[in-house]
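A.B. asks: Residues per chain are reported as follows:
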Amino acid sequence: MIRTLAAGLLALVSLAPWPAAAIPIQTQTALTAHEGGVIVRSQYRTLRATGDPTAADRELRVRVVPTAIVYGLTARLNLFAIVPYVDTELRLDTPAGRLTRGATGLGDVTTFAKGRVWTRDGPGWTRRFSLIGGLEWPTGDFHRTDALGEIPRPLQPGSGSYDPLAGAIVTWQTLGWQVDADAVYRHHTERAGFAFGDTLDVDLAAQLRLRPRRLPARGLPTYLNGVLELGGRWAGKDAVDGRADPDSGGHTLQLSPGIQWVGTRWLVEAGVQLPIVQNLNGDGLETDYVITSGVRWQY
Amino acid sequence: MHRVGRQGGLRVDEVNERRSHGGPPPEVQGHQGCAWRDWLRAFASVRAASRRTIVLVLLLVAGPIFAADTAIHVQVDGLACPFCAYGLEKKLKPLPGVTAVRIDYQAGWVELTLGDGTTLEEATIRRAVRAAGFTPRAIHRVAPGDGYDPGEEGR
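Read top to bottom, the protein sequences are chains W and D. Heads up: the first sequence at position 244 corresponds to 243 in numbering that gives the first Met the number 0, and the numbers run straight through without jumps. Heads up: the second sequence at position 78 corresponds to 77 in numbering that gives the first Met the number 0, and the numbers run straight through without jumps.
If you are wondering where the hints come from, they were derived from the structure by calculation, not from laboratory data. Among these hints, one or two may not hold up.
[Claimed, not checked] Just so you have them, the derived chain W footprint on chain D, three or more residues with Cβ under 8 Å:
(1) 68 to 80
(2) 86 to 95
(3) 98 to 104
(4) 124 to 135
[Said to hold, decoys possible] Beta-carbon label-pair distances, calculated as ranges:
(5) W/Arg119 x D/Ile138: 17 to 23 Å
(6) D/Thr117 x W/Gly218: 23 to 29 Å
(7) D/Pro95 x W/Gly218: 22 to 28 Å
(8) D/Gly116 x W/Val267: 42 to 48 Å
A virtual CB, placed ideally from N, CA and C, is assigned to each residue, including glycine.
One chain only, chain W, in its complex shape:
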């Protein structure tokens, strides 16, 4: 059962949000919160994956409500915590009829630090480079059961493993547009005979101020931004009892248009991730879409 599920569920671990000071939806930013500042970001993300090449006709839905909290220890060093609430649901045909399996609960909490190591500021623009490093903690339950016994590991709210991550981000922001690019590597360790494959995410985001077309002579305007992001993910094969699962891993490329309404203390956003390349190993499920909506508030 795990073999037939794992690849399609790679997306589950990709649903953690990146709590940004500002501003892309999926991509990280090198910008940091001010000293003593707190940003709370909450999202609702829903994923649908179908296209099962097997007779099981699997259909996967994952809903995640991640809440991210950012604290500006200094203007150059920010601390992050992401607390996800996860709901997974897999439907599949079996000799006994169509079954639904899944679990709901607290997922794995991720904590990390972001350090801004390079800054070039000018009038109305900034270019910044930041490094991140952290750990995903096994706070989510990974021993949930249903009438059929223990729920497959990829459907559990938690992974059970300690997973370190590291990455680099570059941002170029002006009054009219912004470009961000990141590369984040995540190593998944083994726990109770299962390990997700390591992942490398590489993202590129471009934002354009749609409104106001002309900035007011004085004061702080409210922005309406159009966002276009390109997200690539390379995932290694999962390991079950030390053996690589041939139905897991692969690489995907997603295009993500979105829109944001940005004020001085708040931000409202929505976007959709549409796969344009899905080169998955074995019988992995293909992602149809990921819809994201969210708000951010800063103190």
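Starting from the structure of chain W, add chain D where the hints point.
C.D. replies: Coordinates of chain D only, in the frame set by chain W:
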């Protein structure tokens, strides 16, 4: 007898009214009346060395008061999004003497309005801007009647 005259900027009957209700006498509220003569007499009675000390202290205290600004304009680099600008406002508002902060976002200027008789160290302003995550550049102090307009220097 109902006396009507002036004492410390108030009519004498107003003074008596306040005293009868337990309120502070006007001289306590900063209306000195002829207290200046008492001060001068007291000043003349102290030793010459003490007089020099008093004059020195008065000069030190009065200097910043008479040199106080009404506003300070700070050029801030790196300011390019409204969500990021909040931290700047938050860091500058609590500075001593600052009564208002206005961010001129497009031009990259921040205007700090100061309370009467206050001034603000340049280093304090620069530290606050950096803590907000930006780079402080030129700082221009605006004295009363200066007529300075940061927009002319802004882009």
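A.B. asks: So, for every hint listed, does it hold in this structure?
C.D. replies: Status of the hints after comparison with the structure:
1. Using a Cβ-Cβ cut-off of 8 Å, 6 residues of the stretch 68 to 80 of chain D lie near chain W, which meets the minimum of three, so the contact claim holds.
2. Chain W is given as covering the stretch 86 to 95 of chain D, and this holds because 5 residues of the stretch bring a CB closer than 8 Å to a CB of that chain, at least three being needed.
3. Counting residues of the stretch 98 to 104 of chain D whose beta-carbon sits less than 8 Å from any beta-carbon of chain W gives 4, enough to reach three: the coverage restraint holds.
4. Counting residues of the stretch 124 to 135 of chain D whose beta carbon lies closer than 8 Å to any beta carbon of chain W gives 6, which reaches the threshold of three, so the coverage claim holds.
5. For the pair W/Arg119 and D/Ile138, the beta carbons lie near 21 Å from each other, so the given range of 17 to 23 Å is met.
6. A C-beta distance of roughly 24 Å is found between D/Thr117 and W/Gly218, which places it inside the suggested range of 23 to 29 Å.
7. Checked against the hint of 22 to 28 Å, the C-beta distance between D/Pro95 and W/Gly218 comes to roughly 25 Å, which is consistent with it.
8. A beta carbon spacing of about 43 Å between D/Gly116 and W/Val267 agrees with the range 42 to 48 Å that was offered as a hint.
Going down the numbered hints, you'll see the structure goes against none, and every one checks out.
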